[in-house]
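Protein chains: 2
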Amino acid sequence: MTSYPVSDIHLAIDCIIFGFDGKEINLLIIKRNFEPERGKWSLMGGFLDAAENLEDGATRILYDLTGLKNIYVEQLGVYGNIDRDPVARTVSVVFFALINIADHDEEAMRLHHASWIGLDKRPSLIFDHNQMVIQAIEHLRYKAALHPIGFELLPERFTIPQLQKLYEAIYNMPIDRRNFSRKLLSTGLLIDTGLKDAYSTTRKATLYKLDIRKYKENFHSFWNFMPDSMMN
Amino acid sequence: MTSYPVSDIHLAIDCIIFGFDGKEINLLIIKRNFEPERGKWSLMGGFLDAAENLEDGATRILYDLTGLKNIYVEQLGVYGNIDRDPVARTVSVVFFALINIADHDEEAMRLHHASWIGLDKRPSLIFDHNQMVIQAIEHLRYKAALHPIGFELLPERFTIPQLQKLYEAIYNMPIDRRNFSRKLLSTGLLIDTGLKDAYSTTRKATLYKLDIRKYKENFHSFWNFMPDSMMN
Numbered sequence: 007m008t009s010y011p012v013s014d015i016h017l018a019i020d021c022i023i024f025g026f027d028g029k030e031i032n033l034l035i036i037k038r039n040f041e042p043e044r045g046k047w048s049l050m051g052g053f054l055d056a057a058e059n060l061e062d063g064a065t066r067i068l069y070d071l072t073g074l075k076n077i078y079v080e081q082l083g084v085y086g087n088i089d090r091d092p093v094a095r096t097v098s099v100v101f102f103a104l105i106n107i108a109d110h111d112e113e114a115m116r117l118h119h120a121s122w123i124g125l126d127k128r129p130s131l132i133f134d135h136n137q138m139v140i141q142a143i144e145h146l147r148y149k150a151a152l153h154p155i156g157f158e159l160l161p162e163r164f165t166i167p168q169l170q171k172l173y174e175a176i177y178n179m180p181i182d183r184r185n186f187s188r189k190l191l192s193t194g195l196l197i198d199t200g201l202k203d204a205y206s207t208t209r210k211a212t213l214y215k216l217d218i219r220k221y222k223e224n225f226h227s228f229w230n231f232m233p234d235s236m237m238n
Numbered sequence: 007m008t009s010y011p012v013s014d015i016h017l018a019i020d021c022i023i024f025g026f027d028g029k030e031i032n033l034l035i036i037k038r039n040f041e042p043e044r045g046k047w048s049l050m051g052g053f054l055d056a057a058e059n060l061e062d063g064a065t066r067i068l069y070d071l072t073g074l075k076n077i078y079v080e081q082l083g084v085y086g087n088i089d090r091d092p093v094a095r096t097v098s099v100v101f102f103a104l105i106n107i108a109d110h111d112e113e114a115m116r117l118h119h120a121s122w123i124g125l126d127k128r129p130s131l132i133f134d135h136n137q138m139v140i141q142a143i144e145h146l147r148y149k150a151a152l153h154p155i156g157f158e159l160l161p162e163r164f165t166i167p168q169l170q171k172l173y174e175a176i177y178n179m180p181i182d183r184r185n186f187s188r189k190l191l192s193t194g195l196l197i198d199t200g201l202k203d204a205y206s207t208t209r210k211a212t213l214y215k216l217d218i219r220k221y222k223e224n225f226h227s228f229w230n231f232m233p234d235s236m237m238n
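Residue numbers (the working numbering), protein chains in the order written: chain R, 7 to 238; chain X, 7 to 238.
Calculated from the structure, these hints are not laboratory results. Keep in mind that a hint or two might mislead.
Identical chains blur together in the list; that is why a pair holds if it fits in one copy or across any two.
[To be verified] With a straight-line Cα cutoff of 25 Å, these simulated SDA-like cross-link-like pairs (lysine to any residue) come out:
hint, residue 1, residue 2
1, LYS222, LEU152
2, LYS222, ILE140
3, LYS46, ARG163
4, LYS210, HIS110
5, LYS29, ASN178
6, LYS29, TRP122
7, LYS37, THR8
8, LYS37, PRO11
9, LYS202, ASP109
10, LYS37, GLN81
11, LYS171, PHE228
12, LYS127, ARG38
13, LYS171, ASP14
14, LYS37, TYR10
15, LYS171, ASP217
16, LYS75, LEU191
17, LYS171, HIS119
18, LYS149, VAL139
19, LYS202, TYR78
20, LYS149, GLU223
Using the sequences provided together with the hints, build the complete structure.
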C-alpha cells in the first residue's frame with residue numbers, strides 16, 4: 007500500500023468580500039480577537055477542515071460572517087510563500103466574493119468584529135492580505151470589463167445612474183454617461199421593470215432588473231463593459 | 007504561544023504543459039512508473055516541499071521534466087475535493103505552462119516516461135487530471151483571445167501562416183486569413199526580420215519576431231485576438 011509522507015503544511019482559506027454602498031466599493035474585514043496578530047485587521051478566513059471540499063470551506067466561512075448563501079464566489083489564487091505566516095507553514099486558498107451590501111447579517115458581523123471599509127480608506131492588513139486585496143481589485147476590474155459580474159453588487163432593481171456609479175467606483179474614473187448607457191442597454195441584459203426610482207432626485211430614473219436567464223446563459227461569453235481607454 | 011492544529015492535508019502541485027508542433031496543441035503527460043495508479047497516464051506533478059514556495063515548486067517540477075527554466079507559468083487553480091486522491095487527502099495547486107515544443111530536453115522526458123500527445127488524442131488521465139486539462143484548454147482559449155500568450159508557443163521567428171495555424175489549433179476552427187493578418191499586424195507587436203521562411207512552400211512567407219519590450223509593457227492590456235464569432 008502506498009502512503010504519502012507526513013504533511014507539515016497547513017491549509018487555510020481567506021475570503022475577499024466586496025460590497026457596493028452606492029458610492030464606493032467596500033471591503034469586509036475583521037478586527038482579530040485571537041492570536042496571532044490579535045487586535046489587527048485581516049480578511050475573514052479559517053482552516054480547511056479535512057472532511058470538507060475547498061468550495062464548501064469557503065461557503066462555510068462566508069456564511070458564518072455574512073449569513074448569506076448562494077452568493078457569487080470564485081477562486082482567486084493561492085498564496086503559499088514559506089514565511090507568510092509566522093506560526094507555521096500555511097498555504098492559503100483565496101476566494102473572491104461579491105455581495106449586495108444591504109443583505110449582510112448585522113449580528114454575525116458584530117460577533118466577528120467585522121466592518122465594511124471603503125477601499126480607499128482600508129487599513130493595513132496582516133500577513134500577505136494586502137497583496138490578496140490588490141490582486142482582488144485587479145481581478146474585479148478585469149472581470150467586470152468582460153463579464154456582467156458587476157450586477158452581483160447591486161440590489162435586485164437598479165437604475166442606469168446607479169450602474170454607472172458602480173462602474174465608476176470599480177475603475178475609479180468618470181465614465182461618459184451617454185456611451186455607457188447605450189452600451190449597457192444594447193447588451194439586452196436589462197429588463198425595464200416599468201417602475202421609477204422613488205429615491206432619485208428627479209424621480210425619473212427607470213428601475214431595471216437583470217435578465218437572469220440571459221445572464222447565466224451568456225456568462226462566459228465576452229462582453230465589453232470596459233471604459234474605452236482600457237482597450238489597446 | 008499560538009499553535010495550529012496538526013494538518014492532515016497533503017499539498018501537491020500538478021503541471022499542465024502545452025506545446026505547439028506546427029499543426030496542433032500538444033499536452034505533455036507521463037506514464038506513471040510509481041504508485042498509486044502505476045502504468046496510467048497523468049500530469050507531471052509532485053508534493054510541495056515544506057521549505058519551498060509554491061512557484062519554486064512548480065519551477066522545480068517543470069525543470070525536472072523539460073530541462074527548461076524561464077518559461078511561461080501561471081497558477082490555474084486549486085483542486086481539493088476530499089475524494090480526489092485515493093491514498094490521502096491531497097489538495098493540488100495546478101500550474102499552467104506554455105513552451106516552445108522544440109526546446110524540451112529529450113533525455114529528461116525519457117527518464118520520466120513523458121510524451122507529447124495531441125489534445126484530440128489524449129488518453130484518460132488519473133484522478134481529476136482530466137478536469138484540470140479541460141480547465142486549462144478553456145483558460146488558453148480565453149487568455150489567448152485577449153493577451154499575446156500564443157507567442158509563447160512559437161519559435162523565436164515565425165510567419166503569419168504559422169501564427170494563424172496556432173490560433174486555428176487553439177480555437178479548433180478555421181480563421182479568415184486576411185482579417186487575422188490585418189488584426190495581428192495592427193497590434194505593432196510584430197517585427198519584420200527581413201528574412202523569408204526557407205521551409206514555406208512558396209518560400210515567400212516573411213519571418214517575424216515578437217517585440218519583446220512592447221509585449222512585456224502591454225501584457226496586461228486588453229487586445230483582441232479572438233475570432234469574431236466569440237464576441238457578443
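Consistency of the hints with the structure:
1. LYS222 to LEU152: both (14 Å within a copy, 22 Å between copies)
2. LYS222 to ILE140: Cα proximity of LYS222 and ILE140: across copies only (20 Å, versus 28 Å in one copy).
3. LYS46 to ARG163: The answer is neither: 37 Å in one copy and 53 Å across copies each exceed 25 Å.
4. LYS210 to HIS110: Neither. Shortest intra-copy (29 Å) and inter-copy (65 Å) distances fail the 25 Å Cα cut-off.
5. LYS29 to ASN178: within (11 Å within a copy, 44 Å between copies)
6. LYS29 to TRP122: within (13 Å within a copy, 52 Å between copies)
7. LYS37 to THR8: between (44 Å within a copy, 17 Å between copies)
8. LYS37 to PRO11: between (37 Å within a copy, 22 Å between copies)
9. LYS202 to ASP109: within (22 Å within a copy, 63 Å between copies)
10. LYS37 to GLN81: Close inside one copy (24 Å), not across copies (30 Å); limit 25 Å.
11. LYS171 to PHE228: both (22 Å within a copy, 23 Å between copies)
12. LYS127 to ARG38: within (18 Å within a copy, 52 Å between copies)
13. LYS171 to ASP14: neither (47 Å within a copy, 47 Å between copies)
14. LYS37 to TYR10: Between. Shortest inter-copy distance 19 Å satisfies the 25 Å Cα cut-off; intra-copy 38 Å does not.
15. LYS171 to ASP217: within (20 Å within a copy, 38 Å between copies)
16. LYS75 to LEU191: neither (30 Å within a copy, 48 Å between copies)
17. LYS171 to HIS119: neither (29 Å within a copy, 56 Å between copies)
18. LYS149 to VAL139: The answer is both: 15 Å in one copy and 22 Å across copies each meet 25 Å.
19. LYS202 to TYR78: neither (27 Å within a copy, 51 Å between copies)
20. LYS149 to GLU223: The answer is both: 17 Å in one copy and 20 Å across copies each meet 25 Å.
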